[in-house]
Each structure stands twice: as C-alpha cells, then as structure tokens.
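**Q** Spelled out, the chains give:
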Amino acid sequence: MHPALSVVFLTTLIGVGQGLFLALFSSQSYTIVNILPAQPGSYYALGGLIALAFLVAGLIASVFHLGRPERAWRAASKWRTSWLSREVIALPLVMALVFVYAVVNWLELDADLYGWGLPGQVALTVGSLGVAATLALFLCTGMIYAAIRFLQEWATPLTVVNYFLLGSASGFAFAAAYAAALAPGMVEFYAGWAIVLTLAACATRIASLVRNARLKRVSNLQTAIGVRHPQVQQQAMGFMGGSYNTREYFHGRSLVFMKSVKWIFLVLVFPVPVLLLWAGLALDSGALLWLAFVVQYVGLLFERWFFFAQANHPQNLYYQVVG
Amino acid sequence: MTQLALVIDLNVCVGCHACVTSCKQWNTSGEAGPLFDDNPYQADPTGTFFNRVQTYEVGEFPCTETVHFPKSCLHCEEPPCVPVCPTGASYKRKEDGIVLVDYDKCIGCKYCSWACPYGARELDEYQKVMKKCTLCVDRIYDLSIPEDRRKPACVISCPTSARLYGDIHDPNSVVSRAIMASGGYQLMPEWGTKPANHYLPRRRTQMTIRADELVRADNPLKKEDIRHDTSKDVTLDDWLM
Numbered sequence: 354m355h356p357a358l359s360v361v362f363l364t365t366l367i368g369v370g371q372g373l374f375l376a377l378f379s380s381q382s383y384t385i386v387n388i389l390p391a392q393p394g395s396y397y398a399l400g401g402l403i404a405l406a407f408l409v410a411g412l413i414a415s416v417f418h419l420g421r422p423e424r425a426w427r428a429a430s431k432w433r434t435s436w437l438s439r440e441v442i443a444l445p446l447v448m449a450l451v452f453v454y455a456v457v458n459w460l461e462l463d464a465d466l467y468g469w470g471l472p473g474q475v476a477l478t479v480g481s482l483g484v485a486a487t488l489a490l491f492l493c494t495g496m497i498y499a500a501i502r503f504l505q506e507w508a509t510p511l512t513v514v515n516y517f518l519l520g521s522a523s524g525f526a527f528a529a530a531y532a533a534a535l536a537p538g539m540v541e542f543y544a545g546w547a548i549v550l551t552l553a554a555c556a557t558r559i560a561s562l563v564r565n566a567r568l569k570r571v572s573n574l575q576t577a578i579g580v581r582h583p584q585v586q587q588q589a590m591g592f593m594g595g596s597y598n599t600r601e602y603f604h605g606r607s608l609v610f611m612k613s614v615k616w617i618f619l620v621l622v623f624p625v626p627v628l629l630l631w632a633g634l635a636l637d638s639g640a641l642l643w644l645a646f647v648v649q650y651v652g653l654l655f656e657r658w659f660f661f662a663q664a665n666h667p668q669n670l671y672y673q674v675v676g
Numbered sequence: 092m093t094q095l096a097l098v099i100d101l102n103v104c105v106g107c108h109a110c111v112t113s114c115k116q117w118n119t120s121g122e123a124g125p126l127f128d129d130n131p132y133q134a135d136p137t138g139t140f141f142n143r144v145q146t147y148e149v150g151e152f153p154c155t156e157t158v159h160f161p162k163s164c165l166h167c168e169e170p171p172c173v174p175v176c177p178t179g180a181s182y183k184r185k186e187d188g189i190v191l192v193d194y195d196k197c198i199g200c201k202y203c204s205w206a207c208p209y210g211a212r213e214l215d216e217y218q219k220v221m222k223k224c225t226l227c228v229d230r231i232y233d234l235s236i237p238e239d240r241r242k243p244a245c246v247i248s249c250p251t252s253a254r255l256y257g258d259i260h261d262p263n264s265v266v267s268r269a270i271m272a273s274g275g276y277q278l279m280p281e282w283g284t285k286p287a288n289h290y291l292p293r294r295r296t297q298m299t300i301r302a303d304e305l306v307r308a309d310n311p312l313k314k315e316d317i318r319h320d321t322s323k324d325v326t327l328d329d330w331l332m
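Keeping their order, the protein sequence lines are chains A and B.
Position in the first sequence (first residue = 1) + 353 = the working numbering.
Position in the second sequence (first residue = 1) + 91 = the working numbering.
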C-alpha cells in the first residue's frame with residue numbers, strides 16, 4: 354500500500370494522546386491508595402489538556418486523508434458494520450471525556466460518590482469512562498486494518514495489540530518526561546511502565562514481522578484471472594500512464610529502502626528509548642526522558658510508514674506489467 | 092431476487108478496448124459529472140476508468156496463447172466494500188444486485204477501495220469521491236432508449252459479442268445458460284465474495300479428422316479413372332469405362 358502521511362500522523366498522534374491519558378489516570382488512581390505521592394489537580398488537568406492536544410492534532414491530520422472532509426460527519430452513521438465509523442464515534446468520545454477529566458481535575462471537583470471516604474472519586478469516575486473509551490478507540494483503530502482480510506499483513510489480532518502497546522508506550526514515555534518537570538515523584542512509575550510497554554510492544558511487533566515474513570498468499574495470478582496454468586504472465590495492464598490502482602496500492606520504494614525503514618524503526622522505537630528511559634531514571638535527567646519520547650515518536654513514524662507500505666494488496670496481481 | 096451481471100467470454104475477446112472507451116464515453120457524459128481525465132493527449136495520461144482490458148500470456152514459448160482479460164466491478168453478491176463504508180455511500184441495491192456509490196454521501200476516505208480485492212474502485216481525483224462501474228444503471232432502465240439497447244455500454248459496443256448481460260439468478264437467462272454451458276467461473280473465489288460477473292474460459296478449438304475422411308469415397312472423378320494409355324490423338328473414347 355502507499356502510506357498516506359495523514360494516516361501515519363493520525364495513528365501515531367492519537368496513540369500518544371491515548372497513552373498519556375492512560376498514564377495520567379493510572380498514576381492518579383495509584384495516588385488515591387497512596388502508592389504514589391499525591392499531586393495537585395492542575396497536574397492532571399494540564400496533562401489531560403496535553404493529551405487532548407495530541408488527539409486534536411491527530412484529528413486534524415486525519416482530515417487531510419479525506420477527499421470530502423466537509424461530509425465527515427456522515428461517517429458516524431454505519432457503526433453497525435464499519436470499524437472506521439466506530440473510530441469516528443470513539444475519537445470524539447475520548448476527546449470529550451479527556452476534556453471533562455481535565456476540567457474536573459482543574460476545578461478539583463470532588464464528592465464521596467461511593468462512600469469510601471477517599472479523595473478524587475469524581476476524577477476517577479470520569480477517568481474510568483475515559484479509559485474504557487480509550488481502549489475502545491485502540492480497538493477501533495487496530496480493527497480498521499485487522500478487519501480487511503485481503504490485506505493479510507494486517508489481518509491478525511497482533512495489529513490491534515501493536516496499536517495498543519505502541520500507543521501506550523509512547524504515551525507513558527511522554528508522561529515520564531512531563532512528570533520530570535512537574536512531579537518528580539511520579540517519574541519512576543511512568544518511565545518503568547514505559548520500559549515495560551516498550552519491551553512488550555517490541556515482542557509483539559517482532560512477532561508480527563515474523564508472521565508477515567512467513568505469510569502464504571491466498572490469491573495468485575491464476576485465481577486472479579481464473580486460468581489454471583502454472584505459467585501465466587501479464588503482458589499489459591491496459592494503460593501506460595498510471596491510475597488510482599497503480600498509485601494507491603504500491604509504495605514504489607526499493608527493497609533496500611523498505612529494509613532500511615524496518616531497521617530504523619526497530620532501533621528507534623525499542624532499544625534506544627528503553628536505554629534513554631533507563632539512563633534518564635538513573636541520572637535523574639528530564640532531558641534524557643524528553644529525548645526518549647522524541648526518539649520513540651520519530652521511530653513510530655517510521656514504524657507506521659512501514660506498517661502501511663508492507664501490506665500487499667491482492668489487486669496488485671492485476672498491475673504487474675505496464676505493457 | 093434479481094442479480095444483474097456481465098458474463099465475459101475470454102474465448103471471444105480480442106482485446107480491442109472498445110468496451111473501455113465506450114464505458115468511459117457513456118459514464119463521463121452522465122449526470123453524475125465527468126470522470127476525471129488528466130493529460131489525455133500528453134505524457135502520462137491518467138484518469139478514472141470503470142473498465143480495463145488487460146493482456147496475459149499463458150504457457151511457455153512456443154506453446155503460448157494470449158488471453159485478453161476485461162476487468163470491471165464484479166458486483167459481488169457478498170460485496171466486502173459495502174460494510175466497511177462509514178457513511179453508507181457504498182451500497183448494494185436489493186432490487187437488482189448492482190453495487191453503487193452515492194457520490195453525494197462519499198467522503199473519499201478510500202477505505203472501500205482497500206476492502207476490494209479486485210481493485211475495481213477508483214478515486215476521482217477532481218470530485219474526490221470513489222467511483223466504480225455502475226453496470227450503466229442510468230442506461231439499462233432508461234425507457235427512452237430502444238428496448239434492445241437497454242444494456243451496459245460495454246456490452247453494446249463489443250464487436251465480438253464477448254460480453255453478455257443479464258440476470259444470473261434467472262436460470263433461463265442468456266448469462267445463466269452461458270455459465271452452465273461453457274463452465275463460467277468467478278475471479279478469486281477463495282475470498283468468498285461471490286462475484287456476480289462470471290468469465291467463460293478459453294476453449295480449445297479442435298476437429299478430429301480420420302484417415303478415411305481424407306479420401307472422398309464417392310469422388311466422381313474416380314469414375315473417370317484412366318485405365319489405359321491414351322492414344323496420340325486424345326479423344327473422349329480414351330476415357331470410356
């Protein structure tokens with residue numbers, strides 16, 4: 354497939370936003386039971402607004418993918434059958450809940466909703482809804498790709514798992530750097546989980562690479578044109594100047610380029626951020642944590658580009674030779 | 092239930108692209124607006140087409156044969172492009188099984204084209220909506236057209252009648268009988284999309300001639316067999332039996 358930069362940015366940016374929100378919520382729930390030091394509401398409010406900014410940036414990026422963005426509101430209608438439609442509903446829902454979560458924390462609204470006698474129950478209630486929506490959004494984003502069975506590289510549960518783990522890892526890495534500036538007591542929690550999530554994502558992403566390297570194609574030229582002969586060769590695709598079929602489904606890069614992108618993302622997304630996070634923790638350096646996030650995010654851009662480019666559409670069987 | 096479809100006879104198609112040009116002509120002139128066409132007479136011409144004819148070579152030289160292969164939307168009975176559409180712009184008509192795009196609802200997200208294994212959908216780069224073969228839905232029901240010409244433009248234009256059109260759910264239709272008689276098949280059946288369009292395979296043209304058929308047993312010339320040398324001044328008497 355030809356990777357669209359709009360979708361590369363959309364999926365990576367909302368991944369950071371969702372991961373950051375999960376990091377904020379989990380740390381806040383830890384503070385209530387005194388596992389982590391309590392923070393002022395403004396800490397979560399600002400963090401929530403930053404997560405919202407990532408989500409909005411992703412939404413803006415997605416608009417560039419649409420031919421007719423002014424009709425985008427229609428995309429919410431077919432949620433019964435389309436994962437894309439479900440994502441279109443889930444994304445604003447997450448944004449709204451993250452916004453409410455930030456406002457509740459900013460105003461430090463609180464009430465003893467459940468009779469526990471503990472603070473932060475309103476924020477955590479809104480936050481739990483936000484977490485449910487965030488997980489649903491991860492599921493929708495992953496399933497948009499995993500649900501297309503013709504794109505065999507994507508049609509695996511690993512796609513959903515990777516979207517969840519990679520997004521969460523980058524969000525926790527951002528949270529670690531953010532906490533280094535505002536709440537040093539939380540850094541260890543975020544950075545530790547960022548390392549765990551990055552290592553888990555490393556395992557599942559490599560698993561998907563191994564799976565894709567061993568894929569057995571369902572379709573071939575024989576089934577594509579229905580001629581049962583071992584020797585079939587295309588002589589002409591019917592036109593010479595290119596079409597949507599040759600532009601949309603081919604990345605047009607060399608094998609060397611593809612391999613380079615793969616190794617760049619394998620280095621930038623996994624080992625380098627883990628080392629930087631570990632060094633940032635050991636040396637108590639916020640700058641290293643920022644660097645860890647930036648390196649991982651840049652790596653994720655390569656990862657997402659590769660994810661799209663690697664998918665081989667069966668329609669390509671019909672477009673092998675110009676003429 | 093009706094399922095309109097094309098049946099394309101690969102044994103008859105000569106690869107002249109008449110269906111391609113007539114399809115473009117009809118569909119770029121309709122009320123849905125033109126199909127985009129960039130640099131049609133310059134280098135790198137490109138544009139939206141609903142129908143293409145491709146050419147394949149089967150076998151190894153010198154035992155090869157050429158297969159001309161027209162490809163358009165197959166109007167699947169289980170269209171994978173329809174449920175993925177987030178807006179409902181992509182739909183399959185209940186009354187005749189034609190898969191269509193509502194150009195007024197399409198947001199141009201391209202998701203349906205990813206979900207079509209045949210590459211039958213093309214984005215119109217000017218209107219920014221997804222387009223595809225409509226089976227000339229604006230022609231086949233047009234009562235102002237003479238009844239025998241209410242067929243898709245590609246079917247009308249085919250000079251070798253390689254394209255048949257009809258209802259594949261009606262066992263007596265010309266398409267159903269052609270599928271049954273000539274072993275009509277579907278493309279990429281492994282995906283379970285159940286394409287409505289079928290293809291008729293190349294058939295070997297063969298004639299068996301036995302040795303005794305090479306000599307005409309009742310050849311009247313035999314009756315004029317020369318039994319003896321002819322005389323110097325040849326007369327008809329020389330051939331008398």
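Simulated from the structure, these hints should not be mistaken for laboratory data.
Treat the numbers as computed from the prediction; the structure is a model and nothing was measured.
Among these hints, one or two may not hold up.
Below are the EDC-like pairs computed for lysine to aspartate or glutamate, each with C-alpha atoms no more than 16 Å apart in a straight line [said to hold, decoys possible]:
{"hint": "1", "chain 1": "A", "residue 1": "K569", "chain 2": "B", "residue 2": "E281"}
{"hint": "2", "chain 1": "B", "residue 1": "K201", "chain 2": "B", "residue 2": "E186"}
{"hint": "3", "chain 1": "B", "residue 1": "K219", "chain 2": "B", "residue 2": "D128"}
{"hint": "4", "chain 1": "B", "residue 1": "K196", "chain 2": "B", "residue 2": "E169"}
{"hint": "5", "chain 1": "B", "residue 1": "K201", "chain 2": "A", "residue 2": "D465"}
{"hint": "6", "chain 1": "B", "residue 1": "K219", "chain 2": "A", "residue 2": "E601"}
{"hint": "7", "chain 1": "B", "residue 1": "K219", "chain 2": "A", "residue 2": "D465"}
{"hint": "8", "chain 1": "B", "residue 1": "K285", "chain 2": "B", "residue 2": "E168"}
{"hint": "9", "chain 1": "B", "residue 1": "K201", "chain 2": "B", "residue 2": "D187"}
{"hint": "10", "chain 1": "B", "residue 1": "K196", "chain 2": "A", "residue 2": "E601"}
Pairwise CB distance ranges, derived in the manner of DEER restraints [what the hints assert, rightly or not]:
{"hint": "11", "chain 1": "A", "residue 1": "P583", "chain 2": "B", "residue 2": "P280", "range": "12 to 22 Å"}
{"hint": "12", "chain 1": "A", "residue 1": "G538", "chain 2": "B", "residue 2": "E281", "range": "49 to 59 Å"}
{"hint": "13", "chain 1": "A", "residue 1": "W459", "chain 2": "B", "residue 2": "P280", "range": "52 to 62 Å"}
Virtual Cβ for every residue (Gly too), placed ideally from N, Cα, C.
**Q** Next pair to validate is K569/A with E281/B; report whether the Cα-Cα distance is within 16 Å.
**A** Holds, because 13 Å separates the two Cα atoms, which is no more than 16 Å.
**Q** Could you grab the alpha-carbon distance between K285/B and E168/B and see if it respects the 16 Å cut-off?
**A** holds, 5 Å
**Q** Tell me if the straight-line CA distance from K196/B to E169/B falls inside 16 Å.
**A** Judged against 16 Å, a Cα distance of about 21 Å means the pair is violated.
**Q** G538/A and E281/B, beta-carbon distance inside 49 to 59 Å?
**A** holds, 57 Å
**Q** Going straight from one Cα to the other, do K201/B and E186/B come out at no more than 16 Å?
**A** Since the Cα atoms of K201/B and E186/B sit roughly 26 Å apart, the hinted pair is violated (cutoff 16 Å).
**Q** Quick one, are K219/B and D465/A close enough, alpha carbons at most 16 Å?
**A** Since the Cα atoms of K219/B and D465/A sit roughly 53 Å apart, the hinted pair is violated (cutoff 16 Å).
**Q** Given the proposed pairing of K201/B with D187/B, does the C-alpha separation stay at or below 16 Å?
**A** violated, 25 Å
**Q** Evaluate the given range 52 to 62 Å for the C-beta pair formed by W459/A and P280/B.
**A** holds, 59 Å
**Q** Note whether the CB distance of P583/A and P280/B lies within 12 to 22 Å or breaks it.
**A** holds, 19 Å
**Q** Keeping to a limit of 16 Å between CA atoms, is the pair of K196/B and E601/A held or broken?
**A** Cα-Cα ~21 Å, so violated.
**Q** Does K219/B pair with E601/A here, judged by a C-alpha cut-off of 16 Å?
**A** holds, 14 Å
**Q** If you draw a straight line from the CA of K219/B to the CA of D128/B, is it 16 Å or shorter?
**A** holds, 13 Å
Hint violations for this structure: numbers 2, 4, 5, 7, 9, 10, all remaining hints satisfied.
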